[in-house]
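Participant: Just so you know, the protein sequences line up as chains A and B, in that order.
If you count by numbering that gives the first Met the number 0, then the first sequence holds residues 0 to 339, one letter each, in order.
If you count by numbering that gives the first Met the number 0, then the second sequence holds residues 0 to 641, one letter each, in order.
Simulated from the structure, these hints should not be mistaken for lab results.
Remember, it's a predicted structure, so these values are computed and weren't measured experimentally.
Ideal Cβ positions, reconstructed from N, Cα and C, are used throughout, including at glycine.
It cannot be assumed that every hint is accurate.
Some residues of chain A that are not near chain B, with every Cβ distance over 12 Å (derived) [as the list claims (entries may be wrong)]:
#	residue
1	F157
2	E205
3	K304
As a list, the in silico DSS-like pairs of lysine-lysine whose alpha-carbon atoms are at most 30 Å apart [as the list claims (entries may be wrong)]:
#	chain 1	residue 1	chain 2	residue 2
4	B	K258	A	K141
5	A	K127	B	K258
6	B	K111	A	K142
7	B	K115	A	K264
8	A	K304	A	K142
9	A	K73	B	K149
10	A	K142	B	K258
11	B	K183	A	K142
12	A	K142	B	K269
13	A	K141	B	K269
14	B	K401	A	K127
15	A	K141	B	K342
16	B	K258	A	K128
17	B	K178	A	K141
18	B	K179	A	K141
19	B	K179	A	K142
20	A	K141	B	K149
21	B	K183	A	K141
22	A	K142	B	K229
23	B	K179	A	K127
24	A	K142	B	K275
25	B	K65	B	K275
26	A	K159	B	K149
27	A	K128	B	K255
28	A	K264	B	K179
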Amino acid sequence: MHSSRIKSHTVITFLFLATTAMLFSFTMSALCAEPALKDASFIPQWSPQAQFAGYYVAFEKGIYRKYGINLTMKTGGPQSVPVDLLEKEEVDFGTVWLSTAIQKRSQGIRLVNISQIVQRSALMLVAKKGRGITRPEDINGKKVGMWRDEFRLQPLAFFKKFGLNVTIIPQSYSVNLFLRDGVDVASAMWYNEYHTIMSAGVNPDELTSFFFHEYGLNFPEDGIYTLERSFKKDPAVVCSFAKASVEGWQYAFKHPDEALDIVLKYMAMANVPANRVHQKWMLGRMKDLILPEDDRGIAIGALAKQDYLRVAGELMRNGLINQAPGYDDFYKECAKYAEK
Amino acid sequence: MLRNKGIAFKLVLFFTLSSACIFTAIFTYNYFVSRQMIAKGIEENAGNLIMTTTNKIGTLLSATQKVPENIAYFLENSTNDEQELFQVLYAIVEKNPEIYGAAIAFEPYMFKKDRKFFAPYFYKAYGAINFKYLDEHYNYFLWDWYQIPKEIERPEWVEPYFGEGGGILMSSYSVPFYKKVDNKRQIAGVIVVDISLENLRNIVSSIKILQSGYGFLISKNGTFVTHPLKEFIMNETIFTVAEAREDPQLRDVGRKMIKGGHGVAPMWVKSAVTGKSCWMAYMPITSSGWSLGVLFPQDELMADITSLNQIVLFLGITGLILLAVAVVFIARSITGPLRHMAKATEHIGAGNFDIELPPVKTGDEVGRLSEAFSFMRESLKEYIGELTEATASRERMESELKIAHDIQMGILPKKFPPYPERTEFDIYATIKPAREIGGDFYDFFFVDDEHLCFVIADVSGKGIPAALFMALTKTLLKAKATMGLATDKIISRLNEDLCIGNDMSMFVTVFCGILNVKTGEVQYTNGGHNPPLLIKGSGDVAYLEKSGELLVGAMEEAQYTARTITFGPGDSLFLYTDGVTEAMNERNELFSEERLQKELSECQDKNVDHMVSEVMQKIEGFTGSAPQSDDITMMMITYKGK
């Protein structure tokens, strides 16, 4: 009698629990089913390095996934130019210099900027103090190593501003010509060549650095671009990508060592010689360029109109474009689209 | 603290500490000198090794340098004959096994007016000599090998690079050449030869120093051209390594190296392979501006010295321990007998002379001390024995003397009032003997019915002679007095008798008086005694005038006179010995005659016994706890009349 009562009680309890569990699981799957991830692809404008740490970190840490994107990360390099791939629709997103993107758009490739990551020019001129150069005026009559195309815009504007006559020597990928005193002034990216020069035994105090943003010639550089068509089709996913990328950068700056590990891993995968110290320098400078200390109140990832107009204006002055694309057509501020 | 420790402890501490100091000093000196010697050895060895290696590399490179330099000279004056150029280039690649490839690259339109790019290139590949033109796709104008010598206008070794197809590390030597155009010498192009650096790498990687030392080569940019760690080669510079290690010293050395310096960086350079501290010697390869570094692992270099030092240290410590043990042993041999003797001394101090002393084993100081100690114990034992005996006999004698003294005191009249039936006068006397037996006495007796003779005397000296002399004096005096003589005669006779056979030259002061109780007339003679005080019934107190007469017993022919005073009723005479006036307090002040006179005149109660007692109290009050040095004797006589 006693035992049978226990038995019936147990059965009832079991049935109750089983029903509850089933109900619960149905409800959960209905509520929490991830909306199907949307496929997208991305390419940075060069082979893996800390210049793109934010994207690799966002990819590696599942931030794109969190924003509903199943991303394919393509490896950049000299043979894979993002603008070309974007134009051919072989890739959905890519990083491009602001000046390049404006030119391309005016040439008919309808790129839109969905996030201006690098706010400040990393392009700079360096000179050896030992060659008597400590002020912009000292460059007059000297040999200056210069890269091609958009890398010349700022230096030329700079020379014009100070009325300098210089001998332009085409500059290759190495800084050896500068190190051997074959040129007096060299072009450099702050996060890259500048450190290469230091890594060849030149001390910073032996160099004079000309940062263009200090001379009113700031050109924001790397931004994230997509085709206008893609943006119109699904602004939500485009802006999710932009936001995830920004979050990736923020994570990288907060966890620099982890970010470096991730970058070095991708460098190894791409068979690119990797030097941790160099990448560490690069990540540190990217932080300075993306989050400048004298923040002009521009939110991370935003394109300031005055920066846009300055770059477009300089392009026009140099005859590289005939007409500047409209700021609002060119820049799609994702804050307006992403939140729903 | 240390003061209370034993000798053994102090000895061990002192010897061990001082030896340890000496040892440490020697050890340290030895260590540093041997290290310096090693360092010097390294510098010499390193110098030789590095010199040989850099020479080898230098020869290798400068042999290569000659070829394009000669061509440059040749081209300067040659006509631009394409066929001739091909032959020359082909010959260079064919005839020089170390040369992998060679090109002559012309400035735009310098070879022919219509050719911007002209650069024939012969190179070895697939076991044959191949040919190609370096063209606009390659755009040789932008390459370091072309641009650098052109801009700096002198030959240059370009930074090493991995050859096409990877794997082989190469470098190129490029030489600018010039031509005269319109009588102006201007740049015409660059001759370049490529060489494999494999031979050079083999030379450097053959450097093996002890177990883990190695050599490395850096380029002009500080880039590692050879290094035991493969990932360093062409990927790290000495400066990125310094940056990663946060080692500014390494950066400084790197700068010296790429600037063509040479030297030795001591100790703080860490091996990239083992992480050990190393000495790093470096020397430039002048032909290319590269630099060779060789790391000598510190601990491996010092291994012999370290093991030697360990042995020395071990020996030193063992020696110190042995020394400490020996010191303990020696100290024990000293302190053992000393402790034994200390204990024996305690016993001896407590009077136990039969305690056993440590046996004398040695002839050293401790042995002699034991011997002396033993002798001292025997002497002490003997002395104490004698002393005990002497003390006992002295005590016996003293007690006998005491008895004699008591008897002597007993012969003085002690009963007061002595003549209760006599109303004409009162007499009272007291004597307080000093601890030692003294020679004071007093006496009074009737010579006949009317005449009372009273005497007070003080014999010179103390002790038994004084006591005997006093007894003699008293007896003689009484004998003379009872003969009915006048006082001067009594004293004279006494003097004569005492002088006879007085070899000891003893003497006595005596005051002798005879009172006629009927008339109150007093006849007296003072034989050198303190003058008594006359106390009038009216209360006046005055000393009798000093007689100026001699002590008794000193000179046989001394003359004495008798004087007379007459008492009125109530007059008194106070007699005393010098024990009264010369009583001394703790400040060595005398009671004095003045004080005595004063005390007497202040006395209210004129009864003889009361007055004498009161004076005695005053004396005791005055002297306090100061010991009494002389007998105090006082006598007072008051005439009352009939």
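Participant: Output the indices of the hints that this structure fails to meet, ascending.
Facilitator: 2, 7, 8, 9, 12, 13, 14, 15, 22, 23, 24, 25 and 28
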